[in-house]
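Undergrad: Spelled out, the chains give:
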Amino acid sequence: MDFSFSHEQEQFRDSLARFLRDKSPTSAVRKLMATDRGYDPAVWRQLCDDLGVAGLHLPEDVGGSGYGPVELGIALEEQGRALLCAPYLASAVMAGYAVLLGGTEAQRAELLPGIAGGTTIATLAVTESEGLWRAGDVRLAATASGDGFRLNGRKRFVVDGQNADLLVVAGRTGKGVSLFAVDAAAEGVSRRAVPPMDPTRKLAEIVFDDAPSRLLGAEGEAPLEAILDAVLVAFAHEMIGGAQALLDSAVAYAKLRVQFGRPIGSFQAIKHRCADLLVQVELAKAAVYQAAQLLADGEDATVAASQAKAVAAEAYMHAARECIQFHGGIGFTWENDTHLWFKRAKSSEVFLGAPREHRERMLQAMGV
Amino acid sequence: MDANLEEIRAEIRAWLAENWRPERSLVEWRNLLVDAGWAAPDWPADYYGRDLPPSAVAVVNEELAAAGAIGAAKAGVRNLAAATLLEHGTDAQKRRYLRGVLTGEEAWCQLFSEPGSGSDLAGATTRAVRQGNQWVINGQKVWNTSAHHADFGLLLARTDWDQPKHKGLTYFVIDMRQPGVEVRQLRQMNGHASFNEVFMTDAVVHPEDMVGKEGGGWQVAMTTLAHERSGFARSRESVEDGGRPGRIYDEYREEVAVANEPYVWYPQRAGRVDLVIERAKQTGAIDDSVIRQDIARLLALHQSAQWYARRTAEARKAGRTTGAEGSVSKLAASHVARLASDVHTAITGIEAMLTGPESPLDGVIAEILVSVPAVSIAGGTDEIQRNIVSERLLDMPKEPRFDTGPFRDVKRN
Ligand SMILES: Cc1cc2nc3c(=O)[nH]c(=O)nc-3n(C[C@H](O)[C@H](O)[C@H](O)COP(=O)(O)OP(=O)(O)OC[C@H]3O[C@@H](n4cnc5c(N)ncnc54)[C@H](O)[C@@H]3O)c2cc1C
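These protein sequence lines are chains D and F, in that order.
Counting from 0, one number per residue, gives the positions in the first sequence under numbering that gives the first Met the number 0.
Counting from 0, one number per residue, gives the positions in the second sequence under numbering that gives the first Met the number 0.
By construction, these hints were calculated from the structure, which means they are not laboratory data.
Owing to the predicted nature of the structure, the values given are computational and were not obtained by experimental measurement.
Treat the hints loosely; a few may be bogus.
Quick list of the computed label-pair ranges, beta carbon to beta carbon [claimed, not checked]:
no.: 1; chain 1: D; residue 1: D49; chain 2: F; residue 2: T403; range: 50 to 60 Å
no.: 2; chain 1: D; residue 1: R17; chain 2: F; residue 2: T403; range: 38 to 48 Å
no.: 3; chain 1: F; residue 1: A64; chain 2: D; residue 2: R191; range: 43 to 53 Å
Ideal Cβ placement from N, Cα and C applies to all residues, glycine included.
Here chain F stands alone, though its shape is the one from the complex:
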């Protein structure tokens, strides 16, 4: 083990012994974490971090878990907001928004997709028009996860209709708590309602909330998407607090129940590889040599994807990536989820016909089966990832284009 990592381990351990108190409020505790740089050790030292490599983050997380201590707020689009602002935000934007991301006091959503443009994200038609000292927004977004809980949205809007499609977009942070923003929940095939339609009618954005340059929204959106895609590789196990007593745990459970509610099925959509062996033992499927092969195939694929993601995280830190590696991780996540869903089906057999409390694991298995189809669509479909991998990592010919002129004249839905 790296000596440096062991020093970090000793340091966080000592700091936790000094500071971790379950009687504190969640926000008070997380502010302490932020001030000490432990909330996001891999962030720049200028913005609440410690400039440490991803391997150190794993060590810090291990120590937090060992102490039973709660880490920075993690779930949701807040990670994407942070990554995007760290790369493209002004100093003022970073100071205004990053702390709230880490403490969990402010929630975020991503306002990219529209009814007429999903894969073809650059075809967005939501308008942003500069009027006096503000931007006025009109248009509709759709499938926006967690928008019903969000304080802020990452908004991609068209500011110039005479430029080719990619050049007329601008990226904003929009305040979701204003009269011009209306959010309606949409029910999904798995019964949950985590994504929404968002209608913006003369909604207002202040000029200091433009991220990047006017007309430069596409580049900023690419950063958000690259992080979203590589995020699919991170395993999302359910949060375990062991039902511990204490104010901070109560508040944390509340956060998980409310703010993270849209994400309760996310571990299931990733396929719950963690459940496979246990389930196979319970049902006796573990003695079936065909199912054993599938299980081993799944474990190998899942493990390889995790290791790939860790290697690319290191490479990204060292500036040795092209930005398209997240697409590899996203495709891998789709393969893992589908294979896991097949393996769970094989293990479960006829019981897979049921749902709800009478079905295996209180409905968790059924939820896996009806949630996995999201992985290959959300965050850019598998087909789009294959375009990206082939064009950016393999330098293969681009798709023929029919949409290169001024956006005004491009065929749309």
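Isolated chain D (complex conformation):
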């Protein structure tokens, strides 16, 4: 078990952070969040071609770089800090892991190179009505037809659903829940962008009306829990990156702003809360890094993954609230950047299951 990042990992973090500072300042975030697509294809290309991030965690024989959850985590932490607008979570992380863990070898060889190279934008559609995935929530019907399956039903909260070329969809047959690959442009697929509270992350609702699809992996054996664990760990990294950005911003402002003849950061009512926030963010990081390490070591990571999601989501939300509070009136304005992270924090809190649900999942995975 490793408890620190290697020199190489730190270098990767630095180069990505530098890239993101340059390409994803909040001025760019604001511009992109006002568009329908929600990301800049030129930046996405550079991110994939020059930095190779989309295939970080994917094996080399499918076009990835053969690293693991720790490096993927670094990439997401930095993206979360910079609030990067990109289909990374949807395509590289969610769909990437779904195909990697759920597809046959031939399907991985066929589908992953495009995801790893960023030339295919893919997404994963499991959720219908609840945040935390449960097999019982998957009602979308799949019926065998020829050498494929026809899908009928509706998926909601599909991240970057309107941008995707490839949809990985959880559907139900008589044998249980399976994953299906659907060409987003196929007949019978209708996509509608829904207005997201966090405009930096686009959401779609997708209706499947006898849409043609291919089964991924074995019928009735979609490894939803394993995919969820891997996705949660990656996603939690994005959250702690955002939480750190908010902590930094809160502290910087507290040192700058003067009231009663002294910086507000010299009042214990402010500085002690900054200290408490640091403690919460640091502990969340420890939980998140540890979960990544467990995944990397091939250990059962369900407890750690749910724990990471729960503590990271709470740290992120708390950081967002405190950051606004310390800014006072300006913190409530549209012009101030804090609300950008606040909205990401709020939607991240409930996406893929709220902290309360993950605490329960954690206990059940412990057998309690």
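Add chain F with the ligand to chain D, keeping to what the hints say.
TA: For chain F with the ligand alone, coordinates are given in the frame of chain D:
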């Protein structure tokens, strides 16, 4: 798993097979451990250690436990004495004191707090005056855990009243077994009496027992405190020897009963997170969805704090810490203890009104409830830790000061 760690595991395992004998005396055994470098594998090779990373210490401890073998003496201030001497001690001091720390033959206490200066540790007024070839000490310390068992004290005393407060302090090792040192036990709110008042009247310290430089005591004390604070994160489970027979186990139980007596309630003050699930199952509280949330919240917090502490231990070894990380761990320990106390209360319900043998777990739960308040005070209060975290880790403005002139002129209690 790290290949290197597996080599270490194999090595200690083989060494234990060769050397561990329950018929040996405790001291004889621990001297063997010390000579082999297994008593403190993360210490420098020059001083009884093997220069191994903290992850290797965990492996060594696992193997000791697996063999039923007893490790180096651990409990108490001896760890702080060792850490402080390793960093600031002279070669002679390390040779004189470190072995006794590991074998458990010599016990230590920390003589920092005084009636007039607790949080404001640099306001100490115990005097050390150089007279001929010795230092003469006069003053009073208070809340000194285990001083009634200690052979040596880590003493912070004022040697210069004309310097600003932080610059007039010097750090000493004081022999507690001398006529000028009087120790009186103090009873705590949980009924135990582990801390003491210590009165020093013309007590004597030899010059070779000054740690660091004259006037440099503050820096040395900071090292002691940083280790004390990060130590709060280490989980303190009760010692289990399974009631094994054998001379060494008898001696070990004796040590636990006597020398470690002041610390019997320490696992309780940390909140006994280890008992929560078992208790919730026993009482049926495990089916209460609200209590389940609190339990999971507690487990997540506790686990995160442990992982944080391990990461910072690695970082400290690699020289990548600021020294204030222990304050993060201390605050985390306060949160864990308080939340654990709340969870135990919720699980226990009305029975929490009782204490002693008729109360749940033979009084252990009651002891948790009345011991947890110590965590946020001992070793520097939560408020002081927040000052440290905000000033040192976040570089926020320092508290306004009213005590910067010569110490002689500073307002005091
Ligand atoms: C169980 C236990 C074991 C102990 N063991 C030892 C030991 O072995 N050796 C030893 O030397 N001491 C020991 N202590 C003493 C301990 O270190 C002190 O009690 C502690 O540092 C607080 O000092 P004080 O009691 O003088 O409180 P004070 O310093 O008077 O504090 C009173 C209150 O004021 C607050 N406060 C003080 N200054 C500030 C500030 N700048 N900003 C905001 N709030 C502030 C404090 O947080 C606290 O809430 C022990 C204490 C306990 C409870």
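Undergrad: None of the hints should be skipped; say for each whether it holds.
TA: Okay, the hints, checked on the actual structure:
For the pair D49 of chain D and T403 of chain F, the beta carbons lie near 53 Å from each other, so the given range of 50 to 60 Å is met. Our hint of 38 to 48 Å for R17 of chain D and T403 of chain F holds, since their Cβ atoms are close to 42 Å apart. Roughly 60 Å separates the CB atoms of A64 of chain F and R191 of chain D, a value that falls outside the hinted 43 to 53 Å.
Checked against the numbered hints above, the structure breaks only hint 3 and satisfies the rest.
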